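Participant: Residue strings, one per chain:
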Amino acid sequence: MNPAYVDIIRIRFLMMLAYRVNYYSGIIIYAINIGAYYFLWQAIYGSQQVLGGFTINQMTTYIAVSWMARAFYFNNLDREIADEIRDGSVAIQFIRPYSYLMVKLMQGLGEGLFRLLLFMVPGMVVVCLIFPVTLPTDPLVWGWYALMLFFSFLINTQINMLTGLCAFFIENNTGLIRMKRVLVDLFSGVIIPMSFFPGWLEGVMRWLPFQAITYLPSSVFTGRTPIGEAGGVFGLQVLWCVLLAVPIWAVWRAARTRLFVQGG
Amino acid sequence: MFVMGLFWEYMKNYAKTRLTYRADFWIEVLSDLLFQGLNLIFILVVFQHTESLGGWSQAEVVFVYGYFMIPYGIFNTFFNLWSFSDRYIVKGEMDRVLTRPAHNLVQIVLENMDPPSLIGSGIGALIVGITWSQLGLPFSPIDLLIMTGLVLSSVMIYAGLYIALTAIAFYSDSPTGILPLMYNIQNYGRYPVGIFSKPIRFILTWVLPFAFVGVYPASHFLDRTGSEGAMAMLTPLVGVVFLAIGLTIWNHGVSRYRGAGS
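Protein sequences, first through last, are from chains A and B. First residue of the first sequence: 1, per my numbering; consecutive thereafter. First residue of the second sequence: 265, per my numbering; consecutive thereafter.
Hints are supplied without guarantee of correctness; some may be wrong.
Unchecked claim - Pair by pair, the computed Cβ-Cβ distance ranges are:
# : chain 1 : residue 1 : chain 2 : residue 2 : range
1 : A       : P122      : B       : G319      : 35 to 41 Å
2 : A       : A254      : B       : D350      : 35 to 41 Å
3 : A       : Q49       : B       : A508      : 45 to 51 Å
4 : B       : G319      : A       : W207      : 34 to 40 Å
5 : B       : V293      : A       : W142      : 39 to 45 Å
6 : B       : A508      : A       : I28       : 26 to 32 Å
In short, the hints are calculated from the structure, not lab data. Predicted, not measured: the structure shown is a model, and the values here were computed from it. Note that the Cβ used here is the ideal one computed from N, Cα and C, for glycine as well.
Based on the sequences and whatever the hints tell you, model everything.
Facilitator: In structure tokens, the structure reads:
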């Protein structure tokens, strides 16, 4: 592998570090969101013990860990790729001795690393202090979760790349990017765990990659998915990761011959 | 009259720019609605699993949400000031605004108008109408009048708060991150405040009165016997107070404006 990629990770990490103050308020914002859903779920459960396969304690943990995972895997690669296509700077990237998509992935990784260390981890500490979150005690769960979290990041980044690359075909894809964001938030399970949706919709979602971003890892973390099944769930994530690489590759191949620079 | 003329000219300009990317315009409107719809979907899904949310039925919670969408859409149409600091302070466009005869805030509001947000208000009104008949509430024309008054008061609260927060840009040109913070807090006001803990309820009522943009005024029509219905009548007062505070801070801020200096 090209050693330049490591530098790309490093540079993006340092760049993010320069703007770290912006992320302190991010932690508060995420805590506010977690708080809103915490109270809502408390009221929804009322006197009921188990809903959608989650106990109320598991649900509190689910909300906390899902939002904080979002703090980690979230990135704006879709926006960045679309902007570079629109203003034509992607043309320069074509002639450089590296793979453009790989560079984007590495930049995403640099940002992810920053978000993990300065956003997700401190955020999780803050949230655990405010809300009654029960962390798993089994180190095996933590291990599986760490692995699955990494694949959450990969799959979310792949979906972002695919959305961004659509800018080759659609002149202005701001709307598409926003639509994608809503779909990911809704179907990944950050707002509502998949098992709460009506049966037919849950059936549809089982065949979509979004569940692999939040629902699958968070379910393992909260203990709703027994640790024995973690391997299978992880396999599903890997499968989606491989499957999503195919359309990205195809779009990239098709797109290179039809770059249309606006105002370049 | 003068302002109305300006309004119309800006409207025409807006339509011209937006029609450059027609297909994208509709995708943007749709994604915007979906974004607001997220919370509505949340409400609909969770009510599959429970009968009540802190003593409120599904129709009631949806009614509150529909009500909230009306002032929110109007607010978003006229107070699209999210990039004020960057555009007017850092880049110094405020200079241009201040040399013109119309009031500076009016110009800024008109320059940043976002009329498609009104579609959200329309859908909110539709939701209110549907749940109104679902709940079998009595209807008289006077309700429509009260509704208009309450919606306008709610818009004033929103406007006052965000004008005050936007005016911070006059005092400090570094990004404060307070606007996104507020944007997330306002989510709380869409739900019955009773489900939140006491300190949060206090904040939502008196400090950042987002409860007056959703649950309080809406409960007037729901005939809730609790304190919420009584609070509804305070909405206009809170609206006037917060708008006055917002405008005072704004005008004081403008008087401090020194230009970008480059």
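Participant: All the hints need checking, so say for each whether the structure fits it.
Facilitator: Hint by hint, here is what the structure shows:
A hinted range of 35 to 41 Å holds for the C-beta pair P122/A and G319/B, which are about 37 Å apart. Between A254/A and D350/B the CB atoms are about 36 Å apart, so this pair conforms to the stated range of 35 to 41 Å. For the pair Q49/A and A508/B, the supplied restraint of 45 to 51 Å holds, since their beta-carbon distance comes to about 49 Å. Judged by the Cβ atoms, the range 34 to 40 Å given for G319/B and W207/A holds: they are separated by roughly 38 Å.
Range check, V293/B to W142/A: Cβ separation about 44 Å, and the 39 to 45 Å hint holds. Between A508/B and I28/A the CB atoms are about 28 Å apart, so this pair conforms to the stated range of 26 to 32 Å.
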